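Dock chains Y and E against the given chain H, drawing on the hints supplied.
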Amino acid sequence: MADIFLYRPHFVAFIILFLLGIYIMVVNLNLVKKLIGMYLMQTSIILFFITLAVKKDSTIPILLPSATAVTPEAYANPLPHVLMLTAIVVGVSTLGVSLAMVIALYRQYNTLEEDEILGKMK
Amino acid sequence: MIRPHDSVIVHTLARVFTPIIQLFALYVLIHGHDSPGGGFQAGTLFAASVILSIFAFGIQGSQTVLERRAIILGGIGILLYAGIGLLPLILGEEFLNYGELPIPGMEASSRRHWGILGIEIGVTIVVAATAVSIFYSLSGRGEGEGK
Amino acid sequence: MTSSLPGFLFAIPFFAAVVIPVVGFTNQKFCRPIALVALVFLSIVSVISLSEAVSHGPLSHEFGGWAPPIGIEWVVDGLSGLLMVAISIVSLIALVHAGPLVEKELPDRVIPFYSLSLLLIAALGGMVLTGDLFNLFVFLEIGSLASYVLVGVAGGRSLYSAFRYLILGTIGASLYLLGVGYLYAATGTLNMADLTQRLPEVLNSRVVLTGLLFIVFGLAIKMGLFPLHGWLPDAYTYAPDSCTPLLASVVTKVPLYAFVRIAFWIFGMATVSTQIPILVVLGWIGAVAAIVGAYLAIWQENFKRMLAYSSVSSMGLFVLGFSLGTETGFAGGLFYVLADTLMKAALFGVAGAAIYQCGASTVTDLVRLRRNMPWVLAALLISALSMVGIPPTAGFFGKWHLVVGALEAEKYFAVAAILVSSMLTALYFFRMFQRVWAEPLPLVEPHVLETPFPIKMSLGVLTFGIIALGLGSDLVMGLIFESAIPKGF
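Those sequence lines, one after another, are chains H, Y and E.
Be aware that the first sequence starts at 1, since it is given in the numbering used here, and climbs by one per residue.
Be aware that the second sequence starts at 1001, since it is given in the numbering used here, and climbs by one per residue.
Be aware that the third sequence starts at 2001, since it is given in the numbering used here, and climbs by one per residue.
Looking at chain H on its own, in the form it has when it is part of the complex (with noise of 0.2 Å):
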């Protein structure tokens, strides 16, 4: 058990940052908190691909022009890096249509906490 900690480390920085990240969604009553916690557990899974890919003694999947012979050894595994980045673009824009939605609702009901903005809408 306590190997998880030992050799794989990075699984471990991605399960704390997840949960972190609901905790932090379900806990805070101010809305741009939450988006906050939204974006980080985003970021989280984020990670978690992103190490899926690394491979020992292995550099960025990059092929340069002067490459010579090409093996799949060499490189870093591609395809998660290319996922993730559709995944952060995806993550971007969810955030900008929040974070509009967020001021659209402070120019209505003038607050950011939820349970005012909920008692001002009975």
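Hints listed in this document are in silico derivations from the structure and should not be mistaken for laboratory results.
Computed from a prediction, not measured in an experiment: that's the story for all the values here.
Where is the CB? At the ideal position from N, CA and C, for every residue including glycine.
Fair warning: there could be bad hints in the mix.
Stated by the list, open to error - Calculated cross-link-like contacts (lysine-lysine; reagent style DSBU-like; alpha-carbon spacing at most 35 Å): (1) K2029/E x K2104/E; (2) K120/H x K33/H; (3) K2487/E x K122/H; (4) K33/H x K122/H; (5) K120/H x K2104/E; (6) K2029/E x K2487/E.
Stated by the list, open to error - Covered by chain Y, per the in silico footprint, the following chain H stretches (three or more residues, Cβ under 8 Å): (7) 51-65; (8) 98-112.
Said to hold, decoys possible - Residues on chain E that point at chain Y, a partial pick, calculated with CB under 8 Å: (9) F2014; (10) V2018; (11) H2061.
Chains Y and E in isolation, oriented as in the chain H frame:
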């Protein structure tokens, strides 16, 4: 309404840095083939340079006009992307298959190279325009929603 | 066989969604014709694709010319072709219906409305047709972002519902992505066909089990499956009336399709019922969802909120049908899904028309429909009877096949759940009928607008479709049995 910053240092440095950032964005765009980079990153850098200059020099009054122009630019960029992608589809091959673009005098691999560059330019324009228009809609008294 | 039709199925609504803002800034009146023409083309192409797929075998389209499993592949087979036809036709009808409502509710947001609706339809089509798990996530997020904004575009009360929908929907999509990551870590591929071949060797590992559970959990949040349906009632109630038919009829069904594709085609029927018995768990959850959703709908005064809880109940019935484990149950569930797109579009369309024409938002106020709104009343009557399950509407045949499938599988709790939820559905719909027909008309009458032609046409087509689907259920069930049933039953 974002007012101009009152420090001389910020003004001078913003004046120096904005073109440097835009040049770096162009570099990242074109070298996306051979090093980390590409369309989305370059677009974000462009938007960052525009936002830096807005923070330093303030937004002038006519914000809605600029916002509308930003959205039209975004539309043009994504039409560039969609157009380059649709051209092989209309000609019978698959969507985004750059090897079959009808450019004479080039072999398939360099057609793919130029096709990807074209798409990345479209993506850069879209991302820059979208990020700037998000910034406009967040900062002023513009519409809160909408594309 | 390779074909370029799936590429067109994506390109048509996407291109229209992109062209509409650019053209619309010159003149706003161009948005609606472009959108409707694009959707007509989309419907025609999807019907052609379905007929090709049924007669000649699944169509596949490799994006960029890269062959799978390296490249992304889009596949039109019986199941995805049927759903694509349903999505394109129902969204065309919903956008036709939305015309007068948009001009009244969102007069300065016409361009975003049409552009985002088309983007949503393109994304739903992409989710249905794709053969790659990560591509499904990308389209899931595109469609979800479009729907978050569509729910909140009216401002006011809808903004908070849209924000809550955004938070919960993003959690769901992130969990789905995490599950895809686990499956990728275990097998090394994202292509659905390739994954089907590589999974049997690694099925006993905990990674695959966790991946599947994350995927199911994430998709359940997106579907609105009880008890993860928290965003659904508020989002459907406060969304603008022009968007709700589109949102309610197709947006929750596509994650359901994704779940069916992953569970039955990738993992296989035997695996998900015996080795990793999620079908058993989902059967119970579906049964509870069907009953609880219908029960909660009885107490709602707001008509749209009542229909929202009715959607929760229907989603439970779909999941119950798919988890029965027999061919008839699966086919019945799929038929009921197709029927429900028509029924929900009609019901929410009636709700929108009622609010637009006579300001009737509660069930009691629906009595005003009796004045001079015959088309809306007919649509309300037929779609409500179909939801309850009265022949010869489509809903009856769907529930009939579900009950027959449940009896074949000897799952009597499922039979009980279907019958109890149908009785509860009858309770709240007949209460609505009583309010509409048995109450006297109020003496002081608010001004009732005349039914605009687009609303008449769309509600008429939907009503006709519900009855036609019911009368032609043999044909549709035959089509489903022939081409949309997974192996392994």
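So, going through the hints one by one against the coordinates:
For the hint pairing K2029/E with K2104/E, the CA-to-CA distance comes to about 14 Å; that is within 35 Å, so the pair holds. Note on K120/H and K33/H: the hinted pairing holds, with a Cα-Cα distance of about 20 Å set against a maximum of 35 Å. The straight-line distance between the Cα atoms of K2487/E and K122/H is roughly 52 Å, outside the 35 Å bound, and the hint therefore fails. Of the pairs offered as hints, the one joining K33/H and K122/H holds, with about 23 Å between alpha carbons and a cut-off of 35 Å not exceeded.
Annotation: proposed proximity of K120/H to K2104/E holds, straight-line Cα distance about 26 Å (limit 35 Å). For a cut-off of 35 Å, the pair hint linking K2029/E to K2487/E is broken: about 49 Å separates their Cα positions. Only residues whose beta carbon comes within less than 8 Å of a beta carbon in chain Y count, and the stretch 51-65 of chain H has 4; three or more means the coverage holds. Only residues whose beta carbon comes within less than 8 Å of a beta carbon in chain Y count, and the stretch 98-112 of chain H has 6; three or more means the coverage holds.
A cut of 8 Å between beta carbons decides the hint on F2014/E: the least distance to chain Y is about 7 Å, and the hint holds. The restraint placing V2018/E at the interface with chain Y holds, with a minimum CB-CB distance near 5 Å, inside the 8 Å limit. A least Cβ separation of about 6 Å between H2061/E and chain Y falls short of the 8 Å threshold, and the interface hint therefore holds.
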